[in-house]
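Engineer: For reference, the chains in residue letters:
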Amino acid sequence: MPLAGVQGAALPPPSLARRAPLLQVDRVLHALRRHASLMVISLIAVTAGFVAWQLRGAAAFMAALWHAWDLFLFIVPSLVAGLLLASALRQLLSPDALARWMGADSGVFGLFVATLVGTLSPGGPMAAFPLVLVLAGAGADRGALVAFILAWSLNGFQKLLVYEAPLLGLDFALLRTLITFPMPILAGWIARRVPITWEPPK
Amino acid sequence: MSGPQIFLWVIALAVLAVCMRRGMPQARRAAAETNRGFWRILPMFCVALPMAAFLSELVPADIATAWLGDDSGLNGIMIAALAGGVMPGGPFVTFPLAITFSKAGAGVAQMTALLTAWSVYAMHRILTWEYPVLGWRFVALRLASSFFLPVLAGLIMRALLPFFTINLAAP
Chain V
7 MPLAGVQGAA
17 LPPPSLARRA
27 PLLQVDRVLH
37 ALRRHASLMV
47 ISLIAVTAGF
57 VAWQLRGAAA
67 FMAALWHAWD
77 LFLFIVPSLV
87 AGLLLASALR
97 QLLSPDALAR
107 WMGADSGVFG
117 LFVATLVGTL
127 SPGGPMAAFP
137 LVLVLAGAGA
147 DRGALVAFIL
157 AWSLNGFQKL
167 LVYEAPLLGL
177 DFALLRTLIT
187 FPMPILAGWI
197 ARRVPITWEP
207 PK
Chain P
5 MSGPQIFLWV
15 IALAVLAVCM
25 RRGMPQARRA
35 AAETNRGFWR
45 ILPMFCVALP
55 MAAFLSELVP
65 ADIATAWLGD
75 DSGLNGIMIA
85 ALAGGVMPGG
95 PFVTFPLAIT
105 FSKAGAGVAQ
115 MTALLTAWSV
125 YAMHRILTWE
135 YPVLGWRFVA
145 LRLASSFFLP
155 VLAGLIMRAL
165 LPFFTINLAA
175 P
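One line per chain: the protein sequences are V and P, in this order. With my numbering applied, the first sequence covers 7 to 208. With my numbering applied, the second sequence covers 5 to 175.
It should be emphasised that the hints constitute simulated quantities derived from the structure, not laboratory data. Model, not experiment: these values are computed from the prediction. Some hints here could point you the wrong way.
What the hints assert, rightly or not - What follows is a list of derived Cβ distance ranges for each label pair:
1. Trp43(P) - Val52(V): 20 to 26 angstroms
2. Phe168(P) - Asp76(V): 26 to 32 angstroms
3. Met68(V) - Pro47(P): 17 to 23 angstroms
4. Pro188(V) - Ile10(P): 25 to 31 angstroms
5. Val114(V) - Pro47(P): 38 to 44 angstroms
Unchecked claim - Simulated crosslink set (SDA-like; lysine to any residue; CA at most 20 angstroms straight-line):
6. Lys107(P) - Gly55(V)
7. Lys107(P) - Leu176(V)
8. Lys107(P) - Trp75(V)
9. Lys107(P) - Phe78(V)
C-beta: ideal position from N, C-alpha, C; glycine also.
Construct all of the structure, not just a fragment, from the sequences and the given hints.
Structural biologist: See the structure below:
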């Protein structure tokens with residue numbers, strides 16, 4: 007699923023490169039995976055549009071399209087700014103340096119750093135999940151990684167500013183974020199105590 | 005432009021300025037990435053926004069007030085958490101859909117649970133990214149440490165609501 011400021015998504019994992027005959031299949035699967043949401047959403051959009059036209063008439067259909075266009079014009083300025091911020095931050099941040107603060111002995115402070123990094127990490131899943139591997143390789147422990155990925159998905163500032171604040175209102179977005187901001191720290195603390203070990207896949 | 009939008013632009017330009025101080029090639033790379041990202045997301049928007057608008061046209065106003073409204077309490081929060089967990093797609097899909105829910109009468113605490121569940125459970129993201137990249141043990145570890153968060157977030161929001169006036173706004 008493509009999302010803000012994604013890079014390097016077209017590269018298959020290194021483990022696939024060795025299995026040359028499978029590469030074509032992988033490529034097709036990868037393309038399907040990348041466009042799956044687009045196809046599903048298109049299908050729902052066409053179906054819903056058709057039903058809306060049938061039940062509510064052409065005027066309502068056009069009104070809905072007009073509303074979508076309005077929303078589009080409303081989001082695009084934030085979207086471009088969010089993408090720019092994401093790409094510029096990526097040029098500046100070094101995951102290796104950050105991971106040194108997130109080791110198994112880093113305590114709650116390490117979880118806090120991981121939460122902050124996750125909140126500030128821009129971009130979509132194809133940027134965030136590989137970053138988990140990078141952080142793990144650089145020394146972050148499982149609690150910090152759980153905190154990082156949850157902070158990214160729950161409180162990512164890009165999602166907050168580009169979508170949530172414009173669409174649901176700033177008051178709601180801020181209060182919700184205040185409530186969920188400490189949650190990744192809590193989850194990371196629990197993850198360090200859950201008896202499930204995890205090794206980064208080789 | 006609204007307040008958050010101006011804020012976002014100010015931060016983005018500030019970070020870009022830091023990039024430029026480090027060197028022009030970095031700033032140019034940032035600009036090129038922005039451009040690529042924009043064209044990658046655009047098709048998504050072109051189908052997701054009409055989809056949400058059509059669905060919102062089809063959803064009768066206040067139909068879900070009894071299930072998800074402000075007075076639906078813990079049950080409503082749990083239903084919202086379930087609904088959020090199975091909502092597909094990225095933020096460009098979810099947030100327009102969330103407007104549909106709020107039109108159907110969902111309360112503020114219930115919307116909080118819905119959005120939190122979408123972030124925490126994210127079935128589609130587990131299947132397409134988390135499991136393939138990080139393996140099922142990581143998925144299990146993360147879910148074991150976070151499955152209760154959506155309901156918790158909804159309950160905290162419900163406890164805080166008397167002290168704030170929150171209107172779920174739609175432009």
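Engineer: Regarding the pair Lys107(P) and Leu176(V), is the alpha-carbon distance no greater than 20 angstroms?
Structural biologist: 17 angstroms, holds
Engineer: Tell me if the beta carbons of Phe168(P) and Asp76(V) are separated by a distance inside 26 to 32 angstroms.
Structural biologist: 28 angstroms, holds
Engineer: Check the following: the C-beta atoms of Pro188(V) and Ile10(P) are separated by a distance inside 25 to 31 angstroms.
Structural biologist: 28 angstroms, holds
Engineer: Would the pair Lys107(P) and Trp75(V) pass a check requiring their Cα atoms to be no farther apart than 20 angstroms?
Structural biologist: 19 angstroms, holds
Engineer: Would the hint linking Lys107(P) and Gly55(V) be met if the CA-CA limit is 20 angstroms?
Structural biologist: Status holds; Cα separation ~18 angstroms.
Engineer: Between Val114(V) and Pro47(P), is the Cβ distance one that fits in 38 to 44 angstroms?
Structural biologist: 42 angstroms, holds
Engineer: Mind checking the hinted window 17 to 23 angstroms against the Cβ distance between Met68(V) and Pro47(P)?
Structural biologist: 22 angstroms Cβ-Cβ, so the 17 to 23 angstroms window holds.
Engineer: Within 20 to 26 angstroms or not, the Cβ separation of Trp43(P) and Val52(V)?
Structural biologist: 22 angstroms, holds
Engineer: Is it true that the CA of Lys107(P) sits at most 20 angstroms from the CA of Phe78(V)?
Structural biologist: It holds: about 19 angstroms lies between the C-alpha atoms, which stays within 20 angstroms.
The structure agrees with every numbered hint stated previously.
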